[in-house]
Amino acid sequence: DGGITQSPKYLFRKEGQNVTLSCEQNLNHDAMYWYRQDPGQGLRLIYYSQIVNDFQKGDIAEGYSVSREKKESFPLTVTSAQKNPTAFYLCASGGQANYGYTFGSGTRLTVV
Amino acid sequence: AQSVTQLDSQVPVFEEAPVELRCNYSSSVSVYLFWYVQYPNQGLQLLLKYLSGSTLVESINGFEAEFNKSQTSFHLRKPSVHISDTAEYFCAVRTVNDYKLSFGAGTTVTVRA
Numbered sequence: 310d311g312g313i314t315q316s317p318k319y320l321f322r323k324e325g326q327n328v329t330l331s332c333e334q335n336l337n338h339d340a341m342y343w344y345r346q347d348p349g350q351g352l353r354l355i356y357y358s359q360i361v362n363d364f365q366k367g368d369i370a371e372g373y374s375v376s377r378e379k380k381e382s383f384p385l386t387v388t389s390a391q392k393n394p395t396a397f398y399l400c401a402s403g404g405q406a407n408y409g410y411t412f413g414s415g416t417r418l419t420v421v
Numbered sequence: 079a080q081s082v083t084q085l086d087s088q089v090p091v092f093e094e095a096p097v098e099l100r101c102n103y104s105s106s107v108s109v110y111l112f113w114y115v116q117y118p119n120q121g122l123q124l125l126l127k128y129l130s131g132s133t134l135v136e137s138i139n140g141f142e143a144e145f146n147k148s149q150t151s152f153h154l155r156k157p158s159v160h161i162s163d164t165a166e167y168f169c170a171v172r173t174v175n176d177y178k179l180s181f182g183a184g185t186t187v188t189v190r191a
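Chains P and G supply the protein sequences, listed in that same order. Using my numbering, the letters of the first sequence correspond one by one to residues 310 to 421. Using my numbering, the letters of the second sequence correspond one by one to residues 79 to 191.
It is worth saying that the hints were derived from the structure and are not from the lab. Given the structure is predicted, the values throughout are model-derived calculations rather than measurements. One or more hints might be untrue.
Lysine to aspartate or glutamate pairs mimicking EDC-like chemistry, simulated, CA-CA at most 16 Å apart [what the hints assert, rightly or not]:
#1 Lys127/G with Glu144/G
#2 Lys178/G with Asp339/P
#3 Lys156/G with Glu136/G
#4 Lys178/G with Asp368/P
#5 Lys156/G with Glu142/G
#6 Lys392/P with Asp363/P
When you get a sec, could you build the whole thing from the sequences and use the hints?
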């Protein structure tokens, strides 16, 4: 079945370490997105990519980096420059304009 | 640019009672509208969507939403909720020419016995 896979589901890291969250899709979608979710704050867009080898900053890109070397993959790196990285991270992909997004199951990152 | 406002952040409701979640949007061009549901510690799942045609759209689990262009609204309703409907619900909008969705802040529905 086609879908979008995020791994790992839970991630613990020490403060000051970079960490990379994986997102893979086999839906043949052109566009991919990363969101951060904190309690009571809805979804905030970190980065998005509409085509391979191209990506754009979202509303809260500081302290994060991404790459889009393959259509299927859009990994997110949370760097040590991110002041408050503990959050739930959601990856999504989108096809034609009228299909909305398909979301992964999320990665909960805890920095201690 | 488009935007979405969900008018209620929390909606407590008793089991078997009706529920309505309100969503208003703003856009200068034609839009597509979506409702997503998120259960705890999971991703968002598409509940229903309005693309064109009939303004009343339904999901397989009893939810319905009505697109009202004059009031720029897309409210979500269910005539009788179950405990399992406890979740967070997000309204989203995109224009016909843009890939990106704009999400509302979410409405948390808590169903009590």
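Taking the hints in turn, this is what the structure says about them:
1. Lys127/G with Glu144/G: Holds, because 10 Å separates the two Cα atoms, which is no more than 16 Å.
2. Lys178/G with Asp339/P: holds, 12 Å
3. Lys156/G with Glu136/G: holds, 10 Å
4. Lys178/G with Asp368/P: Roughly 13 Å separates the two Cα atoms, so the pair holds.
5. Lys156/G with Glu142/G: holds, 6 Å
6. Lys392/P with Asp363/P: violated, 26 Å
Hint 6 from the earlier list is the only one contradicted by this structure; the remaining hints agree with it.
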